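A.B. asks: Whenever a hint applies, use it, and build me the whole structure from the sequences.
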Amino acid sequence: MQLYIRAMSALEIKDLCKSFDGVPAVKGINFTIGKGEIFGLLGPNGAGKSTTINMIAGVVRVESGNITAFGYDNQRDYRYTRRMLGVVHQEVVIDNFFTVDQGLKLHAGYYGVKDDPVWRQLLIERLGLEPHLDKVMLKLSGGLKRRFMIAKALIHRPKLLILDEPTAGVDVELRHGLWEFVREINRQGTTILLTTHYLEEAEQMCDRIGIMNHGELIALEETQQLIRRLSNRQLSLWLEEPVVDIPAGLEKYSPELKENGSVLLLRLPAGERAGRILRQLTEAGLRIQDIETDQSGLEEVFIHLTGMKGGVDGQQS
Amino acid sequence: MVNSPDDRYYPWLPFFTLFRKEILRFWRVSTQTLLTPIVTASLYLFVFGATLGERLNVLPGFSYAQFVIPGLIIMGVINNTFANTSSSLFMSRYLGGIVDLLVTPVSPPQFIMAYTLAAMLRGLLVGTVVWLISTLFAVLPWESPLLAILMAIIASFLFAQFGLIAAIYAHNFDTLSMYSNFLILPLVYLGGVFYPISILPEPWGSFSYLNPLFYLIDGFRHAIIGVGDTSFFIAFGVSIGIATALFFWAAWLIGKGYRLRA
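Line order of the protein sequences matches chains Z and E. My numbering numbers the first residue of the first sequence as 1 and each following residue consecutively. My numbering numbers the first residue of the second sequence as 1 and each following residue consecutively.
Hint data in this document are derived by calculation from the structure and do not stem from the laboratory. Hints may contain errors.
In silico contact screen, one side only, chain E against chain Z (beta carbon under 7 Å); selected entries [as the list claims (entries may be wrong)]: (1) Y10; (2) I23; (3) R25; (4) D100.
Predicted model only: the values in this text are computed from it and were never measured. Virtual Cβ for every residue (Gly too), placed ideally from N, Cα, C.
C.D. replies: Dropping the structure here:
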């Protein structure tokens, strides 16, 4: 984790709290995002992710605690922090009165930045907005509105881009295109904080992941480390000679025989190493022809940590 | 004191951009925001200036048209300034577009001044066109043109603040329309646009002095025709006082983010 935390971090959250009508939504969370990192904040509905993101963006007032962006306090020095942040909101937020081109120019101005035609044109091209520049936003399709929201969040060249479920309701092709673009701007130095509906995407995109549940941060570590630590692995062993009975001492691995006894399936608990089991099997006289391991991903970790069952789609926000 | 994180930042650009955006907003729908109020005021001018007006005489030494035109001008200013800030801010709140501004470095003073100045521009534009059309019906004496312009500016500023406050407190379109239909409209009509309150029987005449809009209307008319129901300086002072109070009220609400930030 320390790998990403440099002398000055992109974002520091300290003891952040927020409640609505006396009901706590965020309960004293702490985390830091390093410069240049892609950080995923995940959690089920009502976990407090959007509230946290909205406090960072300045849409929701901070009840207690501190948010520091690039060394500036986001309440005291809000004029500095807000221009270093670009925000893509979860809901579609556009001004129906204006065209795409007008909207982008206005947004640069809101951030106190003069219109940069070269940068604006680059965003327009990369997000496929060129044929739609003169359309009023009311007439844009859902996908185009999403693309416009990303362009306007980047128009002032923010140092930290916040994406609150930017791909919700977006088709597969556009999702891939958007994530590819996010990776590209990250490579150019923009730090990314994102939430997403799609855990597979989070697993592929994020350097580190924080998982929230009931307003608390229940996990925070590098993505692959988190998966290794918390998800089960399935070990498939192809045996040289089929067996009828499962060797003794393997009960805790939920063993299963398949392919008429030629394949032995074992489920390795988190943290369990395969080498020890292999030695145990060799000592029991089993000769192993081939090995395959299959590690379930972030989805399993997510379900394990949050206690959710029955899959993920549609169950988290 | 923190240093600016980069040198590409122009501190007043957020204000000018929001101001420009607010002007573009009412300009894009100018049929509704400019033409309609001008047509309505022209109808009033025709009815009260050219037809009924010739049979009415409420103030010795002045035609009814000369009496009613200042009231109609200030009514146009008031209604349109209020409509601009209230509808723009309420629509932003209602449709969620306000978060686009809340995440930017636009400061509360810049926010208030951009909304206020754009609304004042619309109100004063309508007032100017109403005055130009009114020259077809009567010539005004213009006793103190600068004071008249000052009163129009105060009226537009005051109602721009009131529009912001109404937009923040309104829960829905119904509540918002109640402010204009059940508060501003009766106060304008009973505030001496169409008659001098001195002709009202008691206690209605005295009650009219409690109507804050009376001072705006009477002060503006006083500056134009040189006579009024009350001293110009009282009208000016009361108007400035109310405008200041409403400004601080609006500034407090917006500075605090009341009903804007959760």
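A.B. asks: Compare the structure with each hint and give your call.
C.D. replies: Comparing the hints with the structure gives:
A least Cβ separation of about 5 Å between E:Y10 and chain Z falls short of the 7 Å threshold, and the interface hint therefore holds. Hint status for E:I23 relative to chain Z: violated, with the closest Cβ pair at about 12 Å, above 7 Å. Look at E:R25: its Cβ gets to within about 5 Å of chain Z, closer than 7 Å, so that hint holds up. Given the 7 Å rule on beta carbons, the hint for E:D100 holds: about 5 Å separates it from the nearest Cβ of chain Z.
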